[in-house]
Amino acid sequence: MSGANGGSHERILAAIRRELEPHNPGNVELTESTDILEDLSVDSIAVMDMVCALEEEFDVMIPLNTLSNVRTIGDLAKRVEDEAARQ
Amino acid sequence: MTKDLFDKFAQLGTGVEGLKMLGGDPFSVTMEEVSSPTEAVIDGKPTVLFGTNNYLGLTFDDAAQEAAIDAVRTFGVGTTGSRVANGTYSLHKKLEAAVAAFMKREKAMVFTTGYQANLGFLSGFVGRDEYIIIDGDSHASIYDACKMSDATVLRFRHNDVGDLERVLRKLGDQDRNKMVVVEGIYSMLGDRAPLKEIADLCTKYNAYLAVDEAHSLGVLGENGRGLAEEVGVEDQVDFVLGTFSKSVATIGGFCASNHPKLDLLRMACRSYLFTASMPPPLVATAIATLKIMEERPELRQRLRKNTEAFYGGLAKMGFSLGPEPNPVVAVKLPGLEALMGAWRGLLDRGVYVNVALPPATPANTYLLRCSVCAAHTDEQIAKAMDAFAELKQELSLQTAAE
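Here the protein sequences come in this chain order: A and B.
Numbered per my numbering, the first sequence spans residues 1 to 87.
Numbered per my numbering, the second sequence spans residues 1 to 402.
Only chain A is shown next, with the shape it has when bound in the complex:
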């Protein structure tokens, strides 16, 4: 991605990868299309904890009821970006 948000997109992706690393014992490659619940050993509680960490790091609010369509790392990065842009 290029443009003003390019850097932050990468930064968000890096943060998500960092948060997911402890839940990736099988060393699955963490790409934007990795399905967080299906491809990794992450349960819904761990996902919510990760969201708390992202909220803190990027100073955003990500309501739980906006997470139902988030499946992949890319989806989650986009949620954080959208909220950052909105707030």
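Read the hints as simulated data drawn from the structure, not as lab findings.
These numbers come from a predicted model, not from an experiment.
For glycine and all other residues, C-beta sits at the position ideal for the given N, C-alpha and C.
Hints are supplied without guarantee of correctness; some may be wrong.
Here are some chain A residues the structure puts well away from chain B; computed CB gaps all over 12 Å [to be verified]: (1) L13; (2) R17; (3) R18; (4) G26; (5) V28; (6) E29; (7) L30; (8) S33; (9) D35; (10) A53; (11) E55; (12) D59; (13) R71.
Computed list of lysine to any residue pairs in SDA-like fashion (alpha-carbon distance at most 25 Å, straight line) [claimed, not checked]: (14) B:K8 x A:N69; (15) B:K8 x A:L30; (16) B:K8 x A:S44; (17) B:K147 x A:L54; (18) B:K3 x A:S68; (19) A:K78 x B:D150; (20) B:K147 x A:E21.
Since chain A is already given, all that's left is putting chain B on it; use the hints.
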């Protein structure tokens, strides 16, 4: 080809099969006979119960049994209708008055279960353009309510006052209602909410505060009203939620408040409107046991003493436990195999406790979830301690061998 709807549960099925191989299915234990609040027959064997939530041991109380039987004879075995149709009997009104009096609140409304109280209250009350802010370790009923609600749902890290403040500060002073929801005692680790600090934050940031006292009602506070009473913040708590399925020894739930308009929720909470009301014997039981809870504070004292003996005994043996002694005592084990071995080992020694597994547990912990009862005798606690001591020895032998 049509797919089988059950395909998505393949992993669940494998999980249960795995558990059976490790010591039996802990989720389908059957009590063949129950002879007291603390004793049952399981697999043909007399067993002491340390996993019941029956904190005050009132399930076999004489007065409660008589009240239930009398209500069956007077009002029948069920109401077959919603509270807003044919399901409100004088008994339900009497119970609501009893709950309000016990909780020292102006008003109370009763739901058919505690689950439905949380579900209906939160989802019906907090709506569009409002916020529900929940603790990360909230009970499933609170999470489910959030799913049903049109409110914006935010979550803070379990018992982390700083994280709650981060959320409240971020919301700023916008003109939208905020409801913070916490529990008195959390059902998995048996830890309490830092309620004084949370209540002060709610005051500071102008948020409503609802406390689910499910596991703390009858347990904490000088009069058993729960954690808010114990830490002296009842006037900062706007809504108290609770259940009759623990200390109150039957089933049902409630919301109590001093808000003069509480009765409007009777028309707004779907789990109140669209379900049949509590059956008469259960209503009569709750009225009777609430009265006992008021008249016999020694039950709470006995529960405290038993809790300290049970928690203290396990701590002394070196088990890793929840952070503080409350009647929910969580014993943390290193993994599924150790957990199932310990659970089976206890049951074989005539001691029943619950199994709690991820994702129902915080931080992927494997827990033997025990609960202490006021009716446990010193001998029963000693029996449990002996069983745990033997297990501890077996576990350390295994760990040493690995």
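Outcome of the hint check:
1. L13: holds (22 Å)
2. R17: Correct as stated: the minimum Cβ-Cβ distance to chain B is 20 Å, above 12 Å.
3. R18: Non-interface label stands for A:R18: nearest chain B Cβ at 18 Å, farther than 12 Å.
4. G26: holds (16 Å)
5. V28: Its Cβ never comes within 12 Å of chain B, the nearest being 17 Å, so this holds.
6. E29: A:E29 clear of chain B: closest Cβ-Cβ about 22 Å, beyond 12 Å.
7. L30: holds (20 Å)
8. S33: holds (21 Å)
9. D35: Holds, since 14 Å exceeds 12 Å.
10. A53: Not fine: 9 Å to the nearest Cβ puts A:A53 too close to chain B.
11. E55: Violated, since 8 Å does not exceed 12 Å.
12. D59: violated (7 Å)
13. R71: holds (15 Å)
14. B:K8 x A:N69: holds (18 Å)
15. B:K8 x A:L30: holds (24 Å)
16. B:K8 x A:S44: holds (16 Å)
17. B:K147 x A:L54: holds (21 Å)
18. B:K3 x A:S68: holds (23 Å)
19. A:K78 x B:D150: Distance ~23 Å between A:K78 and B:D150 Cα, so the pair holds.
20. B:K147 x A:E21: The given pair, whose Cα atoms are some 28 Å apart, is violated under the 25 Å limit.
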